[in-house]
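J.: Listed here are the chains, written in short residue letters.
There are 2 protein chains.
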Amino acid sequence: MADAERKLNNGKSRIDFQTGPSHYRHWKLAVDGDVATLTMDVDEKGTLFEGYELKLNSYDLGVDIELADAIERLRFEHPQVKVILLRSGKPRVFCAGANIRMLAGATHAHKVNFCKFTNETRNGIEDASENSGLGTICVINGTAAGGGYELALAADHIMLIDDGSSAVSLPELPLLAVLPGTGGLTRVTDKRKVRRDHADVFCTTEEGVKGKRAVDWRLVDEVVPGSKLEETVKKRAQEFAVRSNRPAATKGIALTALTRKRTEIAVEYSTLVVEFARPERLATITVRAPEAAPPASADAMVGEGAQFWPLRLARELDDAILDIRANEYDVAAIVFKSSGDPAQVVAYDQFLDANKDHWLAREIRGLWKRVLKRVDLTSRSLVALIEPGSCFAGTLAELVFATDRSYMLIGNLAGDNKPPATLTLASANFGAYPMSNGLSRLASRFLADPAQLDAAKAEIGKPLDAERAAELGLVTFALDDIDWEDEIRVFLEERASFSPDGLTGLEANLRFGGPETMESKIFARLTAWQNWIFQRPNAVGEEGALKRYGTGQKPVFDTRRV
Amino acid sequence: MADAERKLNNGKSRIDFQTGPSHYRHWKLAVDGDVATLTMDVDEKGTLFEGYELKLNSYDLGVDIELADAIERLRFEHPQVKVILLRSGKPRVFCAGANIRMLAGATHAHKVNFCKFTNETRNGIEDASENSGLGTICVINGTAAGGGYELALAADHIMLIDDGSSAVSLPELPLLAVLPGTGGLTRVTDKRKVRRDHADVFCTTEEGVKGKRAVDWRLVDEVVPGSKLEETVKKRAQEFAVRSNRPAATKGIALTALTRKRTEIAVEYSTLVVEFARPERLATITVRAPEAAPPASADAMVGEGAQFWPLRLARELDDAILDIRANEYDVAAIVFKSSGDPAQVVAYDQFLDANKDHWLAREIRGLWKRVLKRVDLTSRSLVALIEPGSCFAGTLAELVFATDRSYMLIGNLAGDNKPPATLTLASANFGAYPMSNGLSRLASRFLADPAQLDAAKAEIGKPLDAERAAELGLVTFALDDIDWEDEIRVFLEERASFSPDGLTGLEANLRFGGPETMESKIFARLTAWQNWIFQRPNAVGEEGALKRYGTGQKPVFDTRRV
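Line by line, the protein sequences give chains A and B.
Read in order, the letters of the first sequence correspond to residues 2 to 563 in my numbering.
Read in order, the letters of the second sequence correspond to residues 2 to 563 in my numbering.
One or more of the hints may lead you astray.
A pair counts as met if it fits within one copy or between any two copies, since identical chains are not told apart.
[As the list claims (entries may be wrong)] Below are the DSS-like pairs computed for lysine-lysine, each with C-alpha atoms no more than 30 angstroms apart in a straight line: (1) 419 x 458; (2) 8 x 229; (3) 370 x 555; (4) 213 x 56; (5) 463 x 194; (6) 229 x 56; (7) 419 x 8.
Bear in mind the hints are in silico, worked out from the structure with no lab data behind them.
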C-alpha cells in the first residue's frame, strides 16, 4: 500500500514513478537553444492522493515525480541545454512548498518516503550542475516558502524580485512545528553558509526575508527590480551557458517508456525481475547480464539510445527500487541476485571507460551513480547472494558492495551445473560511483586499511572465486553448499523478525562510515531529526501544529524541551 | 521534575550532578603511581530512581555521574596519573550496559537526556587521552554488552579475556529494538573502522563476538588468556605510561565541593547566579567577572586550587547547565548575562595563555572547552544579552558565540549609569575552545568568509561597542534603549510559543555548520536516529520490545519499513 490511510487518485493502487512531458500536469518544459525553462504551474486538482488540493504551487510526491523526470530528460534528451531556468507559472507565488494538508493526513511512512524522494530530486539538480555542466538559475517572482525556498536552494543562483513583498522563507517551525524537510537547514548552513544567528532569525520568521537583507544574509544571490527582471535573467543565463562544459548542438536520445510486466508477485523488466515473497517480507531483484556485446562505437551507442543495456538497466533498477520503497512497505529486505555472463558486463564497463568523455557515457555513469546512491539510502536491509551463474562484475559488483551483507557460494550446489560464482572488479569500482559520503563503496569498506583497497585494485579484471573474494574482504561470507541454504534462510528470517525502525536506524549509521558531505548530512542528520519530529505529538498529535493548521485552533504543545 | 513518571530515590527532588569518591556507590578509584584503576562495581540498590535494580553492573544516570566525576578528579587531583585501567569488580561480567527496566520506565525526555550525558562522559574519556595524555585501557574480564561495550569503545585499548565465553556485544537491536545510544555505532564505524558488513553481523548478533574473531573484526585490540591477563595488563599500562605527556610526580589540587544556595526561583553559586522565570519558561544565568587580579604565578594558581576563578566558574557553570537540563525541562531558553569588569576577565585569559604549558592551566582550558561544548549541545534556545556593566570578554565571550542569538545594547538605558556594553575578543576565541565540529565558534560563525574571521582577530584586546560588534558580525542585533526591552520580550515570548521539539531539531542543525567529526556524528546523527526510535511504538509501545523485555512475551512489531 502506498499510504495505508489514504486513497490514490484515479483509482490507482500503486504510486508510479514513470512519467513524461506529455503526461505532466504540473510542469512545463520549454527548450530554447541552450536554455531550458522549467515552469512550475501546479494543477490544484492533480493530486496523487484524495483529500487535498495543491493550492499556491504547493506540491505532493506526484509533482516531484514530474520534476525528477524533467531533470533526467534534460540530461539525456537535451544534451545541448546548458542552463535551466526554474520559474513559476503563477502570479505572485513561486512555490508554497509541500502541501500541508497532504502532510497532515499522510502516514509517517509516506512522509518519510516523500521527503527522501524530494531530497534525491534536489540533489539531482545539484549533481547535474556539478557533474554535467547543467546549471540551474532560480527566478523567484513572488513568494518562495518552505519547500519552495528549498527548491530554490538546490539552484546555483537564486534571483529574487525586489517588489517590496516577494520573500523567501522557511516557516515550517513557527507554522507547523516541523523542520524544513528537504535539505533546507543544511543548505542554509553548509551551501549558502548563512551565519548561524541569521539562520536562526530566518527560520523562526514566518514571513521570511526579502530585499537587501535577503542578499546581505546570503539567502539569495541577487534582488532585481521587476522592470529589469527579464533582461537580467537572460544575462545570467548567458553567463552560465558560457561556463558549461556540455556539448554544443548535440542531439539527445529519447528516454522511451520502460517495459514492465506486473503480476501479483513479480515485476518483469527487460533487464531484471523483481519477485516478492510477501510472507517472508522479501523482494528479490535479479539483474541480467547483457546478451550481446557492446556496440562498436559511441555513435552506435547513441543509436541504441535508451535500449543501450547499461542505461536500460539503470532506469529499470531505479524504477524497481522506487516501487518497493513507495508501494511495498512490508518488505524487510531486498535480495540482489544476478545471472548471465560476467565477461559481457565487464565488456560494457570497458566500453564506458573507453568513451568516458562522450556526453552519453558520462550521463549513463552519472545515472548509475545516482541509482546506486538511491540503493544505499533505501531503508530496507540489503543482501547480495552470489551464486553459480551470476554476473556480479564491475558496475554490477557495486550492488554487492552496497549491501549490508553478502553471501557467496563456494563451488556448486548439488545437481547444478552452472559455472561457480565469481566476482570481478573493474576500474569503475574505484571511483566512478561515489557514495553520498564522497568515497567509493570499496574505499568506505576498507577505511581501516587502505592496503586492502590496493590489494583489491590489483585484482581488476580477474574473476575471483568465493574463497579469494572473502580473503580480499569483498564479501561477508563464503559458504559451501552444505551451509548455503540454511544459513541464508535463517539470516533472512532473523532479519524479518527485527524491529523495522531499529534496522532503519542501524543501517543508516553503519552504511556511511568516514567523511561527511552536505548530502550525507542531509540524509543522515537532518532527516533523522525530521523523522523524530514527525513522530512527536507537538507536530502530529491531535492538538499538534500539523493537524491544527488551517483550523483556526492553535496547537497545544507539551512544553518539555527534550 | 527530573522524570515526570518516576520518583527519585531517597526522597530527593532533583538530580544532583555533584559527587565525590567518598560518596561513590558504584565505582572504586585506586591510584598507584602513574596508574589509576577505576573499578565498576555497581550497587544494585543504589539506583537514582525507584522501580528497578542495577543488576550485572548495569547503569543508570547516577552511575554515570560518578564515572564523570572520577575522570575529572583524575585530571585535576591526580595529574601524575598517566593511564586509567577500566575494570569490573564483578565476576564474569564487565558491564551489561544501561539498565533496561530503567529505560523502559523512563520518560522520553529522561532517556534522551541520559544518553546525552553518557555520551559526554565517554567523549570526556577520549578527550583526556587526546588532550591530557591520560590514556585508558579497558580490561574486559567477562561480558561487555551494549552500553558496557560502548564504554570499552571509549578506551584507547581494549583487552578481552580469552576464556571461551567472554564476549563483546551490541545486542540493543535484536533484544530491545533500539540502537546502542552511547556512540557505539559511530565508534564501531569511525573509530575502530570495523568493516560495515562485519558491523552489521556484530550489531545483530545478540550473543556478540569473542576470541580471535573479535580481534580480526577490530572489535577489540587483543584477546588474552586468563593466565596471562594480569601480567599483560601491567605491560600495557607501562607502555601507555611511557607515551604520556603528563607531568611526573606532581601534586594535584582538590576539587572541593561547590558553593550552591538554592531557593525556589534561583541558585546562587560563587561566580554566577541562575534565576528561573518559570511562567516565562526562562532561566537566566548571570556570570560574574573575578573581583581580584590573577595570581602572580603558576604556583600561586595551584595554591588557589579549586578557588582559582576560571576553574571555579567552569565547574559552577557546568553544574548549572546540567541542573537545568535534567531538572527544568520546561525551560525553553537560557539567557546568558554577565556583570563585572571585562579587563579582569581579559587578565585571567592572558594569565592562562602565559601559563599554557602548565598542567593545571591546560586542564582548566580543557574543562572550559568541555563545558562550552555542553552548552552547545543543550537543547534549549540560547540567548546572550550584552548590557551595560557586562563583561563578555575572551573566554566569557564564547558564551555569546555559543548562543543562537545575541542582543547588544547601544549606549545606556535611561537612568542607568553603568558603563556601556562592550565585547572584547582574546586569543582564546580563536582556537582554545573548538566546538564538536572541530572549529572554533568564530570560525564556524564565519564559514562563508574567512576574511571576517581575520577582521575579528585584528580586534583582539579592544573593547568593542555595540555598533562595532554588530559591524564585525559578532552579535546578531545591536539595539538602542528605545527598542531594547520590547524586542527582547517579544523574542523570548515568541521562543516560548514554538514547538519545543521543533526548536530542538532546528537548533541541532543550525548550530553545527561545516565539517563533521566523530563527536558531531554521534550527537547529530546517531542521537537523532536514536531519539526517533525512542518514540516508535516498536520500541516503546505497550507491545514494543523495550516494554516487553523480560516479561516472557515477545514484542509485536508494525512491520512497515520506514
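J.: Determine for every hint whether it applies to the structure shown.
T.: Status of each hint after checking the structure:
Proximity of residue 419 and residue 458 under a CA criterion of 30 angstroms is satisfied intra-copy only: 27 angstroms inside one chain copy versus 70 angstroms between copies. With identical chains, the CA atoms of residue 8 and residue 229 are never at most 30 angstroms apart, being 46 angstroms at best within one copy and 67 angstroms at best between copies. Taking the closest pair of Cα atoms, residue 370 and residue 555 never come within 30 angstroms of each other, the shortest separation being 45 angstroms inside a single copy and 41 angstroms across copies. Taking identical chains as interchangeable, the C-alpha atoms of residue 213 and residue 56 lie at most 30 angstroms apart only when both belong to the same chain, with a minimum of 29 angstroms there against 62 angstroms between chains.
Proximity of residue 463 to residue 194 under the C-alpha cut-off of 30 angstroms is restricted to the inter-copy arrangement: shortest distance 27 angstroms between copies versus 46 angstroms within a copy. Taking the shortest Cα distances, residue 229 and residue 56 sit within 30 angstroms of each other inside one copy (28 angstroms), while across copies they are farther apart (74 angstroms). Taking the shortest alpha-carbon separations for residue 419 and residue 8, neither the intra-copy value of 46 angstroms nor the inter-copy value of 66 angstroms comes in at or below 30 angstroms.
Violated hints, listed in ascending order, are 2, 3 and 7; each of the other numbered hints is respected by the structure.
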